[in-house]
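Undergrad: Under my numbering, the letters of the sequence shown match residues 15 to 429, in that order.
Derived by calculation from the structure, the hints in this document are not laboratory data. Take the hints with a grain of salt, since some may be wrong.
Said to hold, decoys possible - Only pairs whose alpha carbons sit at most 27 Å apart, straight line, appear in this in silico BS3-like list of lysine-lysine:
#1 Lys167 to Lys425
#2 Lys325 to Lys259
#3 Lys124 to Lys143
What the hints assert, rightly or not - Here are the in silico distance ranges between beta carbons for each label pair:
#4 Lys259 to Ser195: 46 to 56 Å
#5 Ser114 to Ser195: 15 to 25 Å
#6 Ala122 to Met77: 54 to 64 Å
Think of the CB as a built atom: it goes at the ideal place given N, C-alpha and C, for glycine as much as any other residue.
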Amino acid sequence: MKRSSFFTILFSFSLIILLISCGGSNDSKNDHQQSKNTDPAQLTWKEVEVQAKGQTVNLMMWMGDPFINAYIKKYVQPQVKAKYDINLNVISGQGKEIVSALMAELEAGKKNSEVDMMWMNGETFFQLKQIKALYGPFTDKLPNAKYINFDNKFINTDFQQPVEGMECPWGNVQLALIYNSEKVKNPPMTLDELEKFVKENPGKFTIGTEFTGITLLKSLMIAMADKPEELYGKFDQAKYEKYAKKLWVYLNRIKPYFWKEGKTFPSTLAPMHQMFANGELYFTMSNNDCEVDNKIAQGTFPNWARAYVLKSGTIQNSHYMSITKNSPNKAAAMQVINFMISPEAQYEKFKPEVWGDGTILDISKLPKEWQDKFSNVPSRKYAPKRADIQQYALMELAPEYMIRLYEDFRKEVIQ
15 MKRSSFFTIL FSFSLIILLI SCGGSNDSKN DHQQSKNTDP AQLTWKEVEV QAKGQTVNLM
75 MWMGDPFINA YIKKYVQPQV KAKYDINLNV ISGQGKEIVS ALMAELEAGK KNSEVDMMWM
135 NGETFFQLKQ IKALYGPFTD KLPNAKYINF DNKFINTDFQ QPVEGMECPW GNVQLALIYN
195 SEKVKNPPMT LDELEKFVKE NPGKFTIGTE FTGITLLKSL MIAMADKPEE LYGKFDQAKY
255 EKYAKKLWVY LNRIKPYFWK EGKTFPSTLA PMHQMFANGE LYFTMSNNDC EVDNKIAQGT
315 FPNWARAYVL KSGTIQNSHY MSITKNSPNK AAAMQVINFM ISPEAQYEKF KPEVWGDGTI
375 LDISKLPKEW QDKFSNVPSR KYAPKRADIQ QYALMELAPE YMIRLYEDFR KEVIQ
């Protein structure tokens, strides 16, 4: 996020929060007027299903992966239409685009949002909570939520924020490094080994400036703490300064050995993946520990690509679906989300050849037939088994850490 856009959003947050606080006495009136339908929270699930029938739901989500797009277009959309007569319309947008769209609606005083559902992570969750743009809690109304273990810290906490029913977990992933197994026989497992490798193989490693790259920076910063828990909880300025300083020293020490001598950094993953595939880089990375299987099946990566995680740990997080406060189609949005967390929908996207996204379901809670199905999904060929990397899973940090790392990575390293 550029500094100018970051401060623009902060200023807009302040303006919107002021407007909301000034108009707080009219909240219930506006909620009542925003839709001709009854609030689903007041209905039984059967009544929610009746209300949802025939509605159109606008889902805003990142559409940068062909496997994910195909899963939505070829599986989810036809299924919710056939089962519930719901038209699911997908709009491209993520992160600050979602925030900007909803902020613009609030500023304009719109009662009915053009966006019903969003696929998002904790940074966006943090921002939308500040401007009171989310509907909920709603997850306790979803019948399929009974299969989710909400005591799991990787599910009930999003970027150190309690979810509290304001968003529903949809999938779970862990950051993985992807390497060229023909060129790298023993991939670096620790920070010291990574430094040694980068220096001995100049030009073959880099870090992107986007979400995945910043997630790696967070993982490295946590590894530099005395223990991971030291950085958990609310943002702590003193702790950030202490460990970010160590991180910048480390990165600047190996920066001259990065791709292009560290004079430029990829702004998205796509060019990193391409340079990895053609051999220019020996490493790339992904927030989805199973993406390497997708990319090989897609033909994007050669079959020498392999994924692994550092022994110092990498961040594991869940991604979520939420509903806008001013959605006129809340019942239909809830119905779609309930389908998305159903055993059948989770099983479909769990398949490596479909998406390989980690399930948020507690397999032990499922009926026996579904337990058997999940247990017999074809094993990953090029990515490590989830059970083997769980011990190296780190929790996401509070969103302010990511915001600061975005800014300071550019100032302290990229320059």
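Undergrad: Next step is simple, just say for each hint if it's right about the structure.
TA: Right, here's what the structure says about each hint:
{"no.": "1", "hint": "Lys167 to Lys425", "verdict": "33 Å, violated"}
{"no.": "2", "hint": "Lys325 to Lys259", "verdict": "22 Å, holds"}
{"no.": "3", "hint": "Lys124 to Lys143", "verdict": "18 Å, holds"}
{"no.": "4", "hint": "Lys259 to Ser195: 46 to 56 Å", "verdict": "35 Å, violated"}
{"no.": "5", "hint": "Ser114 to Ser195: 15 to 25 Å", "verdict": "42 Å, violated"}
{"no.": "6", "hint": "Ala122 to Met77: 54 to 64 Å", "verdict": "25 Å, violated"}
Hints 1, 4, 5, 6 from the earlier list are contradicted by this structure; the remaining hints agree with it.
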